[in-house]
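Chemist: Each chain, written out:
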Amino acid sequence: MGGLFSETFVTVLLFGAVTAAVPLLLAGLGEQMSEKAGVLNIGIEGMMIFGAYVGFVGAYYSGSFWAGFAAGAAGGMAVAALMALLCVRLGLNQIVVGIAITLGMEGLTALLHHFQFARSYPRLPAAQVTPIPLLSDIPVIGPALFRQHLIVYLAVAMVFVTTWIYRRTQLGLNLQAAGDKPAALDVAGIDVTRTRTVAVLFTGAMAGLGGAFLANIGAGLFIPFITNGAGFLGIVLAMLARGRPLWVLFGALIFGLCLSLTTAAQVAGLNIPTDIIQMLPFLAVMLMLVLFGRRASLPAALGIPYERGAR
Amino acid sequence: MNQQATETRVGAPDAAQAATRRNELLWRVAITIGPIVASLAIAGCVLLAVGVNPLTYYAYVVDRGLLSPLGLQQTLTRMAPLLFIASGLIVAFRSGMWNLGGDGQYLLGAVAAAAIAPVFVQVMPGWLALFLSFVIATAVAIAWSIVPALLRAYQGVNEIITTLMMSFLGVSFANVLVKLVFLDPGTTVPQTRTLPVDDRLPRLFDTTVTSGLVLGLVAIIAVHLVMTRTSFGLRLRVVGANPNAAVHGGLNVPGLTLAVFAISAGLIGMGGAIDIIGVQGNVRADWNPAYGMAVIPVVFLARMNGFAAIGFVFLLSVLSIGGESAARRLGVPQHFTLVLVSIVLITLAIAEYLDHRFNEKRRA
Numbered sequence: 003m004g005g006l007f008s009e010t011f012v013t014v015l016l017f018g019a020v021t022a023a024v025p026l027l028l029a030g031l032g033e034q035m036s037e038k039a040g041v042l043n044i045g046i047e048g049m050m051i052f053g054a055y056v057g058f059v060g061a062y063y064s065g066s067f068w069a070g071f072a073a074g075a076a077g078g079m080a081v082a083a084l085m086a087l088l089c090v091r092l093g094l095n096q097i098v099v100g101i102a103i104t105l106g107m108e109g110l111t112a113l114l115h116h117f118q119f120a121r122s123y124p125r126l127p128a129a130q131v132t133p134i135p136l137l138s139d140i141p142v143i144g145p146a147l148f149r150q151h152l153i154v155y156l157a158v159a160m161v162f163v164t165t166w167i168y169r170r171t172q173l174g175l176n177l178q179a180a181g182d183k184p185a186a187l188d189v190a191g192i193d194v195t196r197t198r199t200v201a202v203l204f205t206g207a208m209a210g211l212g213g214a215f216l217a218n219i220g221a222g223l224f225i226p227f228i229t230n231g232a233g234f235l236g237i238v239l240a241m242l243a244r245g246r247p248l249w250v251l252f253g254a255l256i257f258g259l260c261l262s263l264t265t266a267a268q269v270a271g272l273n274i275p276t277d278i279i280q281m282l283p284f285l286a287v288m289l290m291l292v293l294f295g296r297r298a299s300l301p302a303a304l305g306i307p308y309e310r311g312a313r
Numbered sequence: 192m193n194q195q196a197t198e199t200r201v202g203a204p205d206a207a208q209a210a211t212r213r214n215e216l217l218w219r220v221a222i223t224i225g226p227i228v229a230s231l232a233i234a235g236c237v238l239l240a241v242g243v244n245p246l247t248y249y250a251y252v253v254d255r256g257l258l259s260p261l262g263l264q265q266t267l268t269r270m271a272p273l274l275f276i277a278s279g280l281i282v283a284f285r286s287g288m289w290n291l292g293g294d295g296q297y298l299l300g301a302v303a304a305a306a307i308a309p310v311f312v313q314v315m316p317g318w319l320a321l322f323l324s325f326v327i328a329t330a331v332a333i334a335w336s337i338v339p340a341l342l343r344a345y346q347g348v349n350e351i352i353t354t355l356m357m358s359f360l361g362v363s364f365a366n367v368l369v370k371l372v373f374l375d376p377g378t379t380v381p382q383t384r385t386l387p388v389d390d391r392l393p394r395l396f397d398t399t400v401t402s403g404l405v406l407g408l409v410a411i412i413a414v415h416l417v418m419t420r421t422s423f424g425l426r427l428r429v430v431g432a433n434p435n436a437a438v439h440g441g442l443n444v445p446g447l448t449l450a451v452f453a454i455s456a457g458l459i460g461m462g463g464a465i466d467i468i469g470v471q472g473n474v475r476a477d478w479n480p481a482y483g484m485a486v487i488p489v490v491f492l493a494r495m496n497g498f499a500a501i502g503f504v505f506l507l508s509v510l511s512i513g514g515e516s517a518a519r520r521l522g523v524p525q526h527f528t529l530v531l532v533s534i535v536l537i538t539l540a541i542a543e544y545l546d547h548r549f550n551e552k553r554r555a
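The listed protein sequences derive, respectively, from chains A and B.
Take any residue in the first sequence, note its place counting from 1, add 2, and you have its number in my numbering.
Take any residue in the second sequence, note its place counting from 1, add 191, and you have its number in my numbering.
No wet-lab data here; the hints were simulated from the structure.
Don't be surprised by glycine CBs; every beta carbon is placed ideally from N, CA and C.
Be aware that one or more of the hints could be misleading.
[Said to hold, decoys possible] Reference excerpt, derived from the structure (chain B facing chain A, CB under 8 Å, subset only):
#1 Gln346
#2 Gly347
#3 Leu360
Using the sequences and the accompanying hints, generate a full structural model.
Modeler: Quick look at the structure:
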């Protein structure tokens with residue numbers, strides 16, 4: 003079955019990289035908005051896994067991938083609403099609540115899966131792809147990059163949508179102010195709580211969508227703890243991207259490449275233990291944090307609940 | 192009753208004062224017990240939703256984890272590693288550092304102990320082999336925390352993320368070590384060599400409770416005393432309460448940061464070692480009890496007080512042992528404990544919020 007550098011290997015590697023990158027991209031873009039608005043969203047892993055479960059169940063029973071994605075995004079948003087209520091409105095410790103949400107959702111989805119499907123792991127049929135005319139005919143990269151499910155293109159489009167929001171809209175400025183100087187935003191007559199709530203809900207929707215993608219397209223099934231740190235990787239992407247959506251995309255592709263090495267190596271007939279391959283994305287993260295961590299700038303008011311009149 | 196009697200005798204102002212004091216006491220009790228009761232109720236609703244009678248479940252857990260003699264002994268044994276983890280987390284959290292990498296540090300400590308103890312025990316006295324494996328496991332866990340510690344101390348990189356990443360790495364790396372390096376050639380099951388039962392830590396009296404429990408109690412009490420009674424502990428708490436003030440006060444913040452990470456990770460690694468040389472005897476492939484995360488709520492519930500943590504670690508152990516039995520008997524997966532623990536964390540945070548409000552109103 004070909005060597006390490008055969009055409010199939012490269013195609014499988016790139017295709018897998020894109021498939022693995024999309025959940026990270028969505029999570030990273032979502033987290034970026036929360037962090038911009040001053041909320042460190044550790045609960046994103048929990049939003050993601052809940053989105054994965056709800057998204058899978060939605061797609062499994064309705065037979066429609068789009069219903070699954072909608073359910074996943076709604077599920078992630080529901081969890082985010084809880085986080086927004088506790089951390090933004092009541093001003094509780096974001097790290098404590100974030101840990102709780104992540105642990106709770108991991109446990110809850112495993113529990114629900116157990117009672118819904120017992121020990122069976124039903125699979126979804128393969129998703130339909132939407133090839134882009136002309137581009138998809140390019141050898142090697144064509145089938146890898148331009149023969150994907152429609153949602154992949156939409157995820158990439160979100161990079162440009164969020165860039166536009168941050169650069170060109172009032173909402174973008176409000177978000178920035180909510181993270182850097184919430185008191186100034188308040189004085190300007192704009193509700194800090196509402197601005198931050200919008201950001202957290204957006205994070206939840208994106209994370210849930212990413213989770214649903216991971217389960218429905220990436221794996222084709224749901225298994226407990228399936229996200230395995232993907233949400234946390236999203237946080238790292240947001241930290242390193244310094245507020246720029248395009249950097250999240252690049253970072254997601256790098257991590258996606260690391261993740262897809264598993265399948266690609268198997269295609270190439272290499273027998274590397276999966277445990278070693280599973281370490282790769284996290285090794286890449288640590289390397290990047292060691293190299294660029296110092297420059298990962300974060301908003302001034304990140305993690306600090308806003309309370310009007312507090313010194 | 193007694194207090195009421197006094198009130199009527201000494202008159203109105205004192206009576207009012209006693210009443211507020213009593214209210215305050217009641218409030219304190221409510222704020223501690225309330226979250227637990229509320230969490231049991233909410234988690235009970237989750238059980239109802241999946242078609243399990245929560246009362247049956249809770250009764251079973253209490254029966255197996257607390258009331259049956261064998262279960263109680265297992266619960267006390269389970270406390271040993273959890274106490275070490277709790278003490279490691281108390282050091283970190285009191286110093287304002289979020290060591291969320293407990294799972295990786297714990298597993299690597301466990302694997303190090305499992306790799307060393309069965310080999311050393313053949314060439315030297317048992318107590319020395321156990322001691323050396325304990326020390327080396329601690330060193331390995333500390334080594335695993337060095338990168339996040341350096342990044343936080345000198346680059347200001349958020350330790351929440353780095354410790355989490357190192358934890359994922361550590362769990363995978365521990366598996367690699369078990370499957371490829373320290374594999375027991377004697378069995379077909381992928382696991383490390385097994386420490387014979389006779390060579391493990393002695394059991395207490397005529398029970399099956401491990402003497403690791405005593406070590407765990409010593410560790411957490413020592414940590415509590417160091418944090419509350421020594422100048423070193425005070426310095427750490429200053430760093431935790433206000434890092435800027437600590438710098439201006441002339442404290443060596445990077446040095447203290449490194450010390451906190453080393454102590455925290457070391458204690459958690461000791462927990463892993465204690466579990467292996469006291470109870471498990473070996474590490475099986477893909478074994479990850481994920482105690483590191485489950486203990487976090489316990490530490491918060493105890494408000495980072497070592498003595499209170501002992502009590503709450505006991506509760507977690509009951510839940511853990513009882514939950515394992517319930518998973519086998521009632522078919523409710525262990526993951527339910529995770530749900531319950533996370534609900535406790537949230538209700539606790541809400542209780543703190545209410546407490547804050549209550550105090551503000553009283554002051555006003």
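Chemist: All hints are to be evaluated individually against the structure, with a verdict given for each.
Modeler: Now the hints, each set against the structure:
1. Gln346: 4 Å, holds
2. Gly347: 7 Å, holds
3. Leu360: 5 Å, holds
Checked against the numbered hints above, the structure breaks none of them.
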